[in-house]
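Asks: The lines below spell out each chain.
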Amino acid sequence: MLFKIAWRNIWRNKIRSLTVVGSIVIGVWALTFMMAFYDGFVTMYIKSAVENDLSHIQIHNPDFMEDKKVEFVVENVEDINRMLSSDSTVSAFASRSLNNGMIANSKGSRGCQIRGVIPEQEAALTRLNDKIYDGVYFDKSKKKNPLIVGQKLADKMKLKLKSKVVLTFQNVDGDLVSAAFKVIGIYKSGNTIFEEMNIFVELSDISRLMGDKTMIHEVALMLDDVGLLDTVQSAMKAEFPDLLIENYKEISPDVNLYESQMGVITYVFVIIVMFALIFGIINAMLMAILERSRELGILMAVGLNKLKVFLMILIETVFIGLIAAPIGLMLGYFTVLYYGKVGIDMRESMEKIGLNEIIYTELDVGSYFIITVAVIITAIVASVYPALKAIKLKPVEAIYKI
Amino acid sequence: MARFQASKYILMKNVITVKGVTKIYNPDTIPVHALRGVDLQIGEGEFTALVGPSGSGKTTLLNIIGGLDDASDGSVIINEQDIAKLSDSQTIEFRKQNIGFVFQAYNLIPVLTAKENVEFVMLLQGASQSDRDARVKELMSAVGLSDHLDRRPSQLSGGQQQRVAVARALASKPMFVLADEPTANLDSKSTADLLDIMAKLNKEENITFLFSTHDQRVIDRARRVVNLDDGAVISDKTIE
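Each protein sequence line maps, in turn, to chains A and B. For the first sequence, position 299 (counting from the first letter as 1) is numbered 299 according to the working numbering, and the numbering increases by one without interruption. For the second sequence, position 7 (counting from the first letter as 1) is numbered 7 according to the working numbering, and the numbering increases by one without interruption.
Treat the hints with care, as some may be off.
Listed below are the simulated DSSO-like cross-link pairs for lysine-lysine, each with C-alpha atoms no more than 27 Å apart in a straight line [claimed, not checked]:
id, chain 1, residue 1, chain 2, residue 2
1, B, K189, A, K306
2, B, K85, A, K306
3, B, K85, B, K200
4, A, K68, A, K4
5, A, K68, A, K47
6, B, K137, A, K392
7, A, K156, A, K47
8, A, K156, A, K182
9, B, K19, A, K308
10, B, K203, A, K394
11, A, K107, A, K182
12, A, K306, A, K389
13, A, K308, A, K4
14, A, K164, A, K188
15, A, K306, A, K392
16, A, K4, B, K19
17, B, K189, A, K182
18, A, K160, B, K85
19, A, K14, A, K47
20, A, K182, A, K144
21, B, K173, A, K4
22, B, K19, A, K389
23, B, K137, A, K394
24, A, K143, A, K182
25, A, K68, A, K162
26, A, K107, A, K213
Using C-beta positions, here's what the derived DEER-type ranges look like [unchecked claim]:
id, chain 1, residue 1, chain 2, residue 2, range
27, A, P326, B, K203, 53 to 59 Å
28, A, I391, B, P110, 17 to 23 Å
29, B, I219, A, F279, 32 to 38 Å
30, B, A84, A, L307, 43 to 49 Å
31, B, S54, A, K394, 18 to 24 Å
32, A, G340, B, S87, 57 to 63 Å
33, A, L18, B, P110, 15 to 21 Å
34, A, I391, B, S54, 39 to 45 Å
Just so you know, these hints were derived from the structure itself, not from any lab. Beta carbons: idealized from backbone N, C-alpha and C, even for Gly.
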């Protein structure tokens, strides 16, 4: 009977109840969307960082990470390649040389990182070939010293296809080496900071300029399943104890921070929205109790004890939450689904923080569950104060209240 | 609660004993003496009217007897149980098992149908569905509303609502019914119908009724009239 009374009480003042339901629906919808947007943003950020730059695991000479001198190379590249080639969990890997140097043309000069890559490996690992939006990817049949630059750097240095530039860097003896390169392609990575800093040349060209020495400073690899990250990393560490083998979280603390804080941020969103909703619900329920004080007095006079009065108010509030939550979740789900497909284009505003990708909203099932539980808890918490007010009513005063 | 129910059938003479009940409102500021040492005994099966002008203390006395309000002094003993000595929860339980209420403004639960209003107290008592159905049928028939079971209070006239209220008061098979100005909002026909029903229930089922009223139509039907004035009993007449 308490459930019946509580349910029917909701519909006594439809406008008020629907207003509360509406506010919860909007709150749940907004919460769902905010969480999905944040998840999408973090996923995009990590994906961009991993696919363009970090990969899942990187291998270096430990000294290279302390001091980026060219002589600190990865010695046993052949062994590493052999291991990675035979490991079915590794989807792709690439060996690179990394030289800090300078790029110059008639318009000026800028510092940059020169990445000497093996074209096939780099294409497999970072899909650099797919990111060329103007020009072509490395092709061995073409002329020597081809260069691929990022769009951001090209814009800043007014580089076009076939532009000639001079790259200056240090060789293993500490002498400066300069060589002319020709721009054959301009890439877009979605990360403008990366685009501005990183230029790609063929490893064979840079090795020739270094005095016919192939100097690999970095081996990067991607896994089919990121869940195997720790396993593969441990196995590699055991195999190559003298090398520095790090995963992307260790290399880039900001990525780790984003990933680890995702759950915390979710709870912060939930708490803020639910806290706001609590006040709306309390207000509506207090008004309802004020209007029904005589009725509550009668119920208590005929024998409804305080616990049941409390439960009746609680049930009524939870009912409101249970009506609103599915509607809000459904609206949120479809919004997330829609923007998960078409994406939210914030490239212009996000370029300032180095990101230039579309955000695709996403939300896991667990988050929907969290929101549902949060709404129910909110309704229960919000019902406590009005319910306490109700049980404090004295039947005699409530019944004869004018 | 078994204690209350058991005692209900042991002493059949005096159902209610009021001893020196005093009620002072605002004792610390501007004291208002609503009742001044009222003594009263109500026997089983009585049909008693508490009469008196507005402010004489009728409703206050009913509320104290019903455990809805506390006396400032004195005691109310119902079947050897001093109700002032019960805790809040025991008082609620006591009311549920022993007292039926009929209020002036009908005071049915608007979201429940007539049937649900009547069976509500029985539900609180833990009565079975079949017992509830039988009792509701019996009472709604007694108050002449067998065909109005599924109507909400808003779909009933004032007289019909008050008859449902009487049925609700009797649903728990109480020791007695307290009715506060039950006919105040009713027209003559509804009043006559309601009084007929209550008199019939009193006569046939020996249910004790205690009214507060200043309605002459009720006073004329009462078999005992207790006159209150300024918080004190000034006369107590049994009508043969």
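Asks: For every hint, state whether the structure bears it out.
Replies: So, going through the hints one by one against the coordinates:
| no. | hint | result |
| --- | --- | --- |
| 1 | K189/B - K306/A | violated, 39 Å |
| 2 | K85/B - K306/A | holds, 19 Å |
| 3 | K85/B - K200/B | violated, 34 Å |
| 4 | K68/A - K4/A | violated, 74 Å |
| 5 | K68/A - K47/A | holds, 26 Å |
| 6 | K137/B - K392/A | violated, 35 Å |
| 7 | K156/A - K47/A | holds, 26 Å |
| 8 | K156/A - K182/A | holds, 17 Å |
| 9 | K19/B - K308/A | violated, 33 Å |
| 10 | K203/B - K394/A | violated, 34 Å |
| 11 | K107/A - K182/A | holds, 15 Å |
| 12 | K306/A - K389/A | holds, 11 Å |
| 13 | K308/A - K4/A | holds, 13 Å |
| 14 | K164/A - K188/A | holds, 20 Å |
| 15 | K306/A - K392/A | holds, 9 Å |
| 16 | K4/A - K19/B | violated, 42 Å |
| 17 | K189/B - K182/A | violated, 109 Å |
| 18 | K160/A - K85/B | violated, 97 Å |
| 19 | K14/A - K47/A | violated, 48 Å |
| 20 | K182/A - K144/A | holds, 8 Å |
| 21 | K173/B - K4/A | holds, 24 Å |
| 22 | K19/B - K389/A | violated, 34 Å |
| 23 | K137/B - K394/A | violated, 32 Å |
| 24 | K143/A - K182/A | holds, 9 Å |
| 25 | K68/A - K162/A | violated, 30 Å |
| 26 | K107/A - K213/A | violated, 32 Å |
| 27 | P326/A - K203/B: 53 to 59 Å | holds, 56 Å |
| 28 | I391/A - P110/B: 17 to 23 Å | holds, 21 Å |
| 29 | I219/B - F279/A: 32 to 38 Å | violated, 53 Å |
| 30 | A84/B - L307/A: 43 to 49 Å | violated, 23 Å |
| 31 | S54/B - K394/A: 18 to 24 Å | holds, 22 Å |
| 32 | G340/A - S87/B: 57 to 63 Å | holds, 59 Å |
| 33 | L18/A - P110/B: 15 to 21 Å | holds, 19 Å |
| 34 | I391/A - S54/B: 39 to 45 Å | violated, 31 Å |
This entry does not satisfy hints 1, 3, 4, 6, 9, 10, 16, 17, 18, 19, 22, 23, 25, 26, 29, 30, 34, going by the numbered hints stated previously.
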